[in-house]
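Engineer: Each chain, written out:
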Amino acid sequence: MYVRSTPTLLDLLIAWRGSILPYIAGRAMVVAAVSVLAVLVAHRLPGDIGGGAVPFTLIGLSLSIFMSFRNSACYDRWWEARKLWGQLLIETRSFARQTAHLPPAPREAMLTALCGFVNGLKARLRGDDEQATVAAWLPAPAALNPTDAALREVGRHLSALAADGAISEVRHSLLEGRLTAMSGVQAGCERIKSTPLPFAYSLLLHRTAWLFCLLLPFGLAGSIGWWTPALSLIVCYTFFGLDALGDQLEDPFGREVNDLPLDAMTRLLERELLAAAGRTDLPPAIEARDHLLM
Amino acid sequence: MYVRSTPTLLDLLIAWRGSILPYIAGRAMVVAAVSVLAVLVAHRLPGDIGGGAVPFTLIGLSLSIFMSFRNSACYDRWWEARKLWGQLLIETRSFARQTAHLPPAPREAMLTALCGFVNGLKARLRGDDEQATVAAWLPAPAALNPTDAALREVGRHLSALAADGAISEVRHSLLEGRLTAMSGVQAGCERIKSTPLPFAYSLLLHRTAWLFCLLLPFGLAGSIGWWTPALSLIVCYTFFGLDALGDQLEDPFGREVNDLPLDAMTRLLERELLAAAGRTDLPPAIEARDHLLM
Amino acid sequence: MYVRSTPTLLDLLIAWRGSILPYIAGRAMVVAAVSVLAVLVAHRLPGDIGGGAVPFTLIGLSLSIFMSFRNSACYDRWWEARKLWGQLLIETRSFARQTAHLPPAPREAMLTALCGFVNGLKARLRGDDEQATVAAWLPAPAALNPTDAALREVGRHLSALAADGAISEVRHSLLEGRLTAMSGVQAGCERIKSTPLPFAYSLLLHRTAWLFCLLLPFGLAGSIGWWTPALSLIVCYTFFGLDALGDQLEDPFGREVNDLPLDAMTRLLERELLAAAGRTDLPPAIEARDHLLM
Amino acid sequence: MYVRSTPTLLDLLIAWRGSILPYIAGRAMVVAAVSVLAVLVAHRLPGDIGGGAVPFTLIGLSLSIFMSFRNSACYDRWWEARKLWGQLLIETRSFARQTAHLPPAPREAMLTALCGFVNGLKARLRGDDEQATVAAWLPAPAALNPTDAALREVGRHLSALAADGAISEVRHSLLEGRLTAMSGVQAGCERIKSTPLPFAYSLLLHRTAWLFCLLLPFGLAGSIGWWTPALSLIVCYTFFGLDALGDQLEDPFGREVNDLPLDAMTRLLERELLAAAGRTDLPPAIEARDHLLM
Amino acid sequence: MYVRSTPTLLDLLIAWRGSILPYIAGRAMVVAAVSVLAVLVAHRLPGDIGGGAVPFTLIGLSLSIFMSFRNSACYDRWWEARKLWGQLLIETRSFARQTAHLPPAPREAMLTALCGFVNGLKARLRGDDEQATVAAWLPAPAALNPTDAALREVGRHLSALAADGAISEVRHSLLEGRLTAMSGVQAGCERIKSTPLPFAYSLLLHRTAWLFCLLLPFGLAGSIGWWTPALSLIVCYTFFGLDALGDQLEDPFGREVNDLPLDAMTRLLERELLAAAGRTDLPPAIEARDHLLM
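Chains as they are written, first to last, in full-length UniProt numbering: chain Y, 1 to 294; chain X, 1 to 294; chain E, 1 to 294; chain D, 1 to 294; chain P, 1 to 294.
The set of hints was computed from the structure by calculation and includes no laboratory data. Any given hint could turn out to be false.
Stated by the list, open to error - To give a feel for the contact side, a few chain D residues facing chain P, derived at Cβ under 10 Å:
hint : residue
1    : T8
2    : L37
3    : V54
4    : T57
5    : S72
6    : W79
7    : T112
8    : T180
9    : R207
10   : F218
11   : G219
Backbone N, C-alpha and C define an ideal beta-carbon position, used for all residues, glycine too.
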């Protein structure tokens, strides 16, 4: 995630990193070339392509309306993913607090297993080696869904504590509620990861955007001449820019510049869990480098 | 579900499967024919149909605004359906974890019954033989709502375990909470299945879209001549495409290309439940074939 | 509710029932007459009313934006009402499952009282005789809010069972949770029923729609001549159609063609409750007649 | 609240009460005067202010989009406020049901205190004398937040009952859940009351609406002449009307024509609580007068 | 927060404080200068830049649609932040009520620690010295996340009370539910604070808005002459105004004029908690100064 909020005046002029420009530079160049071509054609064949601005208004605005919907859906996915990780923070903190009175040994085992859960979830979402990641925190997690196995390990400890009478049934139920919520976070993230927007929808909008941006210069060139490239580029910048941004936000767990900083969030959770377990040799918090937080 | 996210440049040019084109090809051809006709008429009777572009802008944009609403409502249904199946994942995983300490026999019976519930729900939503599907996992489910009967079977086991003192009242309440949530998933899916968008709404938008796309060429032909077919086709592609996509997303449980992969999700749940029950002869996970996951 | 989802080509051409046309035919005829008048006036006084299309675009699009908001709000009410009845299904099914282990006599009494609740709620929402409806299932319900009295009757049974020790306090709390949720369904439905959209809002949009549709022909007639009636009718069809549909969806509990099928849903709940009570003489499920489900 | 739903044809023609017209009549007259002036100027200086319709389309539509957002936010506040009062209905009914088995004396004390809570909340939201209102139902409520003091009084009774063993810990927890939810209703209403939309937002939109409506006639007069006043008035009616309606819905607890009928809702809750407490001398329900329900 | 709701007529004319004008005055002046330049150029080179209004309509409306989305997302963040603080009010009030029967000493310790939590949360969100703030209420909070340490301190008291038998397990679970909800408020606020809208999105819209406002005068000057500066300024006022307002609402915890009044809300919570603890020397409530509440 690029850690900046309000762009400054200088950003407006020159910001390249953190902006969507690197992703659409190629497309912008194609549109620029087509615009120049359109103006040349219009000078050669005046009158033949004039009057076209009104239908382009119609197509362009319809496209804006539908792209706005797609953008909003992609943003909602990104924000929901962020909420799920915030939920994980709530649940791990509360789990740590609600087990504070337990004997240190099983408690540390449970908090360590939760570190395994958190790291495993990150590996799962980023396509890393989930099995190996969880195994670093947990003895021999199951091969099928090792991340969930970490939760089951915590659940096993809780059951044993309840069976020993170390925690009452009500306390057990309270703590199991935390685990169910964490399981909800995992399933929510898996849902976002495995179910992109319907492919046909993205394809339809990409195609319409391309068609529109390639034809627009011909619609404008007859009436506004050499203003065509500038205006076409602005339109192309906005449409392709939002499109590319939507593509990034759609899968918020990747490593692109607008994706969620899973590394930093995982480390934060890990540090809080280890500190709760009484450990003092905490790994360092992950900071942004050049405003980029992974 | 077509398992692709961002379309590539090649997709933009040639993708046919996974796109909405196969569903609207017929309509597009009608519009193309009408466009050609309109241009011919306009050449014959110049001036008679000119100046019409502005009212078409008005109608077209109003239609975009209302179609955007319908599309958004259909997408919300599709996404809610996906959330409900994600919820099912949370609840079955948590049920498995929260029963891990129970004696194997009743536990396996319950987890098997849950397999029946999951498969029965899929059959119910896809119009397959629900009774037979559930009966494969459960002895003699009731004829009225066999899927719910599977949940009742699990509930019966829980009650017996509670009566025997094998689980405390609090633990029973915790596990019943899982069943209530699963019942919520079933009722939610039934709601989406049985209650489409108001028919009058879909009909109104379909009709307006048709009227608009058939009249638009006559509005444009007078001023832009042979550009008419191209621009009309783009408009028709966008409007009919979104319309057809909305139709598909509206009932997310079918077997069309943009519907949810219920087969794969059911199998995933089944595998996790059976593995939790200690079974090792798991049925294989269902993979996408040619990017198509059922 | 009209039970159809995707309109067919034939529907597009001739569907009358299930469509919004019967509700707006009168208004459409007024607009048609005004359109013809406008064209005649325009032929008599050419130039005097030309050039007006642009302000009409402005008004028409603003109106579309605001009508889209109203439509979306009305649809949300309709869908929320449907969700509440789905919630009722969850809660009654779960109540039946969670009481399966109880002695038959009080259980049947409670399930019968729930039938009274469900039927009473329907009567309350549709303006039927609530007191008589509930009295068919329940001995002498209170005059003030008989539907809630049915829930109180179930609560009385639960308290008695808890006092006798037949159910534990935890089980009682679990079952009371179901009743609280059912009470929530009732209050939610009452809210939708008793609180329409602000009257001033509906009035404002109706008035603007009328003014717009009556003036539009005069704005168009100067430039597009005899195309005016056709285009005005399409605009009028879309605007008045959405308006009339919004009116229907705003109160989803009525008996109009797009309202919720409360009769069928009530019967479904009744059948499931009676079957759970061990009854075999179930009343028949209500089917759609001519695609119309009440 | 003006208790009408669908406006009739007669309403469309003459409804004044319940409409937004009384609130914007002054502004409409200003716009009418400016319109006439613009036409006179345009006749004097033809050509000087022509061609301006297109930029006004741009400004007008942008304004519509942003006003639609504000309207939607204001409506959400109004509807959320209504939902909170519906929640209060759920919680008081459930509290009454869940305490039905208690001894009459403490139960009546608790239900009476809840009447104090409900009336106090209304007084707090409408700026009446909260302290005196609560004191009518409760001995000596605290000066700091008397409405919450009523809830604390109920909580005190519950604690005493639990300490005496009259209710179990689980039952106490169940009933406390009701109080927590009521506390949530109070805090939600206070939030809506104390936090209007950002002032800068309302100010920005009001100013733009004024500027737009005052300049629009000059943009139109050159091309459409004496149609200017009519069309300007329609635009002004829609924009100022929605603006004024937004102002009313923004604070839904006032006494304006579109505000929530807190008097009637409070009385309804009071009647149900008193009837549950066994009282038969209920105060009369509040009916609408001339369609106006306070 | 600027504590005003409906602007008066006078506000419309002269309000400067509380409005967004101070933030965009510089940009408005740039646009005014460019507008004048454009008119001068247009007089020199008539015809060369005419006809450009239509593409600007397209760009301007697309921009409006996308800015509306950003504005809506920023407003949602602001309103969610307000809801979270309202939630804190619910939870602290309920905690105070649910501990009313406890012995005064531990209760006062817990309520004081909650004061530390509330103040620490404010310090954390506003970038003040969190450690020192919490330490004023709590002996030696942990260095890593002192605000959460305050909750852990309360949890420690609760565990001790449960271990002593002073509160039952069920009561402990009820109170722990309050703490979990408060932890949720903290994590929610941290989420809003640490995750702004994607930087690329804000940058894209800022850039498009600038490009649009700088080019618009050239598009208009040819046809509307000296009306250009006025209309360009209105557009610029609306677009830059909404943009600047979005920037403010995006981070609702700051000290700008439209941010949430965290000082006042913290003090309110503190006063209610101290009063519940039996203290009478309450710090004074914070009032608005010149309509400005911090």
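Engineer: Compare the structure with each hint and give your call.
Structural biologist: Results of checking the hints against the structure:
Interface restraint check: T8(D) against chain P, minimum CB-CB distance 31 Å, threshold 10 Å, status violated. With a least beta-carbon distance of about 16 Å to chain P, the hint placing L37(D) at the interface is violated under the 10 Å criterion. Interface restraint check: V54(D) against chain P, minimum CB-CB distance 4 Å, threshold 10 Å, status holds. The beta carbon of T57(D) is positioned within 10 Å of a beta carbon in chain P (closest approach about 6 Å), and the interface hint is therefore held.
Of the supplied interface hints, the one on S72(D) holds, with its beta-carbon coming within about 8 Å of a beta-carbon of chain P, less than 10 Å. Because the beta carbon of W79(D) sits about 14 Å from the nearest beta carbon in chain P, more than 10 Å, this interface hint is broken. For T112(D), the interface hint is violated, the least distance from its beta-carbon to any beta-carbon of chain P being 18 Å, above 10 Å. Interface hint status for T180(D): upheld, as the beta-carbon distance to the closest one in chain P is roughly 5 Å, under 10 Å.
Given the 10 Å rule on beta carbons, the hint for R207(D) holds: about 6 Å separates it from the nearest Cβ of chain P. Using the Cβ-Cβ criterion of 10 Å, the hint placing F218(D) at the interface with chain P is satisfied: the shortest such distance is roughly 8 Å. The beta carbon of G219(D) is positioned within 10 Å of a beta carbon in chain P (closest approach about 8 Å), and the interface hint is therefore held.
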